[in-house]
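Chemist: Protein chains in written order, with our numbering: chain A, 1 to 333; chain B, 1001 to 1334; chain U, 2001 to 2320.
Simulated from the structure, these hints should not be mistaken for laboratory data.
Wrong hints could be hidden among the right ones.
Said to hold, decoys possible - Below 25 Å or equal to it, Euclidean Cα-Cα: the simulated PhoX-like pairs (lysine-lysine) are:
| hint | chain 1 | residue 1 | chain 2 | residue 2 |
| --- | --- | --- | --- | --- |
| 1 | A | Lys149 | A | Lys130 |
| 2 | A | Lys149 | B | Lys1123 |
| 3 | B | Lys1242 | B | Lys1123 |
| 4 | B | Lys1242 | A | Lys124 |
| 5 | U | Lys2146 | U | Lys2037 |
| 6 | A | Lys149 | A | Lys124 |
| 7 | A | Lys130 | B | Lys1123 |
| 8 | B | Lys1123 | U | Lys2040 |
| 9 | B | Lys1070 | A | Lys61 |
| 10 | B | Lys1242 | A | Lys64 |
| 11 | A | Lys61 | U | Lys2040 |
| 12 | B | Lys1123 | A | Lys61 |
| 13 | B | Lys1123 | A | Lys64 |
Computed from a predicted model, the values in this text were never measured in an experiment.
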Amino acid sequence: MSLLSVDELTVTFGGVGRKESRAVDGVSFEVDQGQVVGLVGESGCGKSVTSLALMGLLPHKGVKVGGRAEFDGTDLFTMSPSARRDLRGSQMAMIFQDPLSSLNPVVPVGVQVTEILERHRGMKGEAARKEAAHLLDRVGIPDPTRRLKEFPHQLSGGMRQRALIAMAVACAPSLLIADEPTTALDVTIQAQILELLKELVDQEGTALLMITHDLGVVAGLCDQVNVLYAGKVVESAGRRELFAHPTHPYAHGLLGSIPRLDSPRGEALKPIRGSINDRIAWADGCAFAPRCDRYEMGCLTGTPPLTEPRAAGHEVRCVHPVLDDAKAEEVPA
Amino acid sequence: MLRLVVRRLLQLIPTLLGLSVLLFLWLDRLPGGPASAILGEKATEAEVARINRALGLDQPVYVQYWRFLKRIFELDLGTSTQTGQPVWDEFTQRFPATVELSLLAILLAVVVGVPLGYFAARKRGGWLDVSAVSGSLVGICIPVFFLALILKQIFAVNLGLFPTYGRQETGINATDVTGFAVLDGILTGELDAAANALHHLILPSVALATIPLAVIVRMTRASVLEVQDEDYVRTAEAKGLKRSVVRSRHVMRNALLPVITAVGLLTGSLLSGAVLTESVFSFGGIGSFIRQAIDGRDYPVLVGFIMFIALIYVLINLLVDLAYSLIDPRVRVH
Amino acid sequence: MSVATKTDKIQRLAELAATKETSTGDSLWREAFRRLKRSKMAIVGAVVIALFILLAIVGPYIAPYSPTAQTWRGEVFPNRGEFVGMRPENWFGLDHLGRDLFSRFLVGARQTLLVGVVATLIGLTIGFLVGGLAGAFATLGGERGKRVDSVIMRFIDIMLAMPSLLLAVSIAAVMGQSLTTVMIAVGVVQIPVFARLLRGSMLVQGSSDYVLAAQSLGVRKRRIVVSQIIPNSLSPVIVQATLSLATAIIEAAALSYLGLGNPDPAIPEWGVMLTQAQRFFDSGAPMMAVYPAVGIIITALGFTLLGEAMREALDPKLRG
């Protein structure tokens, strides 16, 4: 049985007098024990909202969450708020995008680490401080006892993210959600942080849900990849399968739009035209159609179903999937 | 820390010097000049001439200014034309009353305003929020002296719950130690005197507290609303911390920072309000005295008072900055 | 693929795309104005202000009696606490000198508006110049400009260190008692507020990317300040100007209360009326104070509501 199983998750924003907008539109995926799963897409595709919905961190007012999400056999959405609070930080933890704004500026780093130990592991005083120092040491922060007394602004960007990771793994959660954990960091630091995450996950057997727009991160880390577009999963496959045979035109385009060292000299990058704002409602057809080179009238007859046109376990939501890699290279006029 | 204090104190010097120049020029510009300022408007020509000589007004302006400055440093602010007493003595005698009144007012404003603003923000759009916001909007639109009048009429005159004027019942005959009536009563064990003084303080301080209260409510509310959406509050929630911990350590500790600055500034500006409130309740502090000084064109008192208040204002600002640097670690490093 | 189906295809897509919400790309101001029209606070504030302005315009013409005529002198005995309240020929009753309060109230509206507007204009104009100068020096003047800025701001600090009421009192003391004095005194008090606000706003704009871009394109500094920084720094100043109208009216009343108001009996002003009336507040004629006081409160509230609504409309962060 999988650790986390998300089934037809929907998140709708909108309150009194405002137009409703659906940020997540029926997302389903699974995360197994110890597995690293990627949720990939452009900004605005609903990936962050998905993670916040799973953690129960969306604002209560003006947000409707639908569908099911089972964590370790219990339904997250029917759970009592206090039970969910007990779960957060201990069983499922999260790392955010911007380490500076994610740390409280007026509370010492040490307190921000020990408070989670006090809450979930019943540690107090000196014992909690010792464990906090140990945690900081484990995530690679030098001189941890001194750092505990410092404030977030005294730490470097990479160190802040390490501190946040220390907090997230403090209670050895079975699921760690990382929402673009490296986006706000320097490239050299990015690699270090990813390396650290990989190491922690491997050692502890923690499952990791990696939210990212960066296919490089996916390639280096994930076992299973879900590509999101406009609030729906459009392609889901193992990492190797996806990188070898991107089948949805969107995923295909994404891979075609990143530079590769091994591509033939002089070959142009192929950007996907338009932006995620150029879309139609899923109910009318494929939301990607306005940006798609393979768009046909057939794309506009309702939501395309998930099929497995290429291989078992490789799901694609497209009426005209890219099955022949060579053919995909020629762009219709 | 010490270096910060010294640096900030040094920064005060140009401000206060500039103020003294302005005041000097002001005194010079007064109708009839400083002579009539000292003698009052009914002075005869001969008297004016004598005073002008005595003040050295025949000397160059910079000499005059230098003497003016020297007098201020010697705390020689001249003599009140109304009472004939040295201005400095008049102040030190009345100042405790105003301090008592202002402190109680700002205390009221903080004790009521911060929780009100906080709960208004938490239940945004609820009845408490709507009434707190509209109440504070109305609060800043009521002229202080009119509010004081209404309070006095209803609670003192009609209902008889509070005394209508003064600092303390004259019959009580309390021992004077510090000049702070309530404090004296407690110090000397004359608790009835302290209670009586406090009773006299309530209505004026409520009137004086309205504007600070309105500002603090709105400030706290806006600040809490902003902090609630901060990433670090989300992080705290993601850690599964108890609600009380999230609220006190992560929301309030940040949300109160701008409120603290505001409280400092409000305390400084309270003295303006005190002039109006004190005179409605004939409260024997600096405020009522200034009111009389304005009526009687008692310029030495006014000049001394402005200098005095400005000094207090900048000192309060200094204290606020220092307090801020203690609470906000980001400021401390610089 | 035939030409017909291709156009078909594109048309169908366009239809579907049209049904979803598109971002309109309105300017900040138009967007803010749209929000403002939806705000209840703004509407109430605007209606109150409109009524007040109407009153200020037509008041003196529709006043049933002269505001200074002591037509009913023989009916009022303030010493004995005998006053005349509401009655058919005097809707608001009479004041202590036997003058018609309703007429005085109507005529007073114009004076009150005048004091508020002129005082705010004085504060706004000078504050704008001082603050704009400081802001221009601070953002684009380099090291020397920063020094000029800090001198200007020190001066503003001095003004702020004086309690506003005392500043007004000292001005009134030099200039003597008149309506002009009240306007100037109340206006001068507002100068530091506007100056600091504009400068602060300009500093934020000055460090933004578009200014950097304009600078790197070689646009002249003066032009950047005048056509880029200042227009983008205006919104908090406009909000403050609206709020200041309320403050000015209240401060003018406070000056009157301290005996520094307009002494001319021919020109009734709400602050002066309130001050005159407070003597009789607990001796028979509380309503005499209530009319001008309510006038002041409601007017101030109107400006405050509109100002606050504008602030909310211009700052998307504050929206609910």
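Chemist: Look at each hint and say if it fits the structure.
Modeler: Hints and how they fare:
1. A:Lys149 to A:Lys130: Holds: Lys149 of chain A and Lys130 of chain A sit about 13 Å apart, inside 25 Å.
2. A:Lys149 to B:Lys1123: Violated, at roughly 35 Å.
3. B:Lys1242 to B:Lys1123: Roughly 19 Å between the alpha carbons, so the hint for Lys1242 of chain B and Lys1123 of chain B holds.
4. B:Lys1242 to A:Lys124: holds (15 Å)
5. U:Lys2146 to U:Lys2037: Cα-Cα ~41 Å, so violated.
6. A:Lys149 to A:Lys124: With a Cα-Cα distance of about 16 Å, the restraint between Lys149 of chain A and Lys124 of chain A holds, given a limit of 25 Å.
7. A:Lys130 to B:Lys1123: With a Cα-Cα distance of about 39 Å, the restraint between Lys130 of chain A and Lys1123 of chain B is violated, given a limit of 25 Å.
8. B:Lys1123 to U:Lys2040: holds (19 Å)
9. B:Lys1070 to A:Lys61: Violated - the C-alpha atoms of Lys61 of chain A and Lys1070 of chain B are around 64 Å apart, more than 25 Å.
10. B:Lys1242 to A:Lys64: Within the cut-off at roughly 24 Å; holds.
11. A:Lys61 to U:Lys2040: holds (21 Å)
12. B:Lys1123 to A:Lys61: holds (11 Å)
13. B:Lys1123 to A:Lys64: holds (19 Å)
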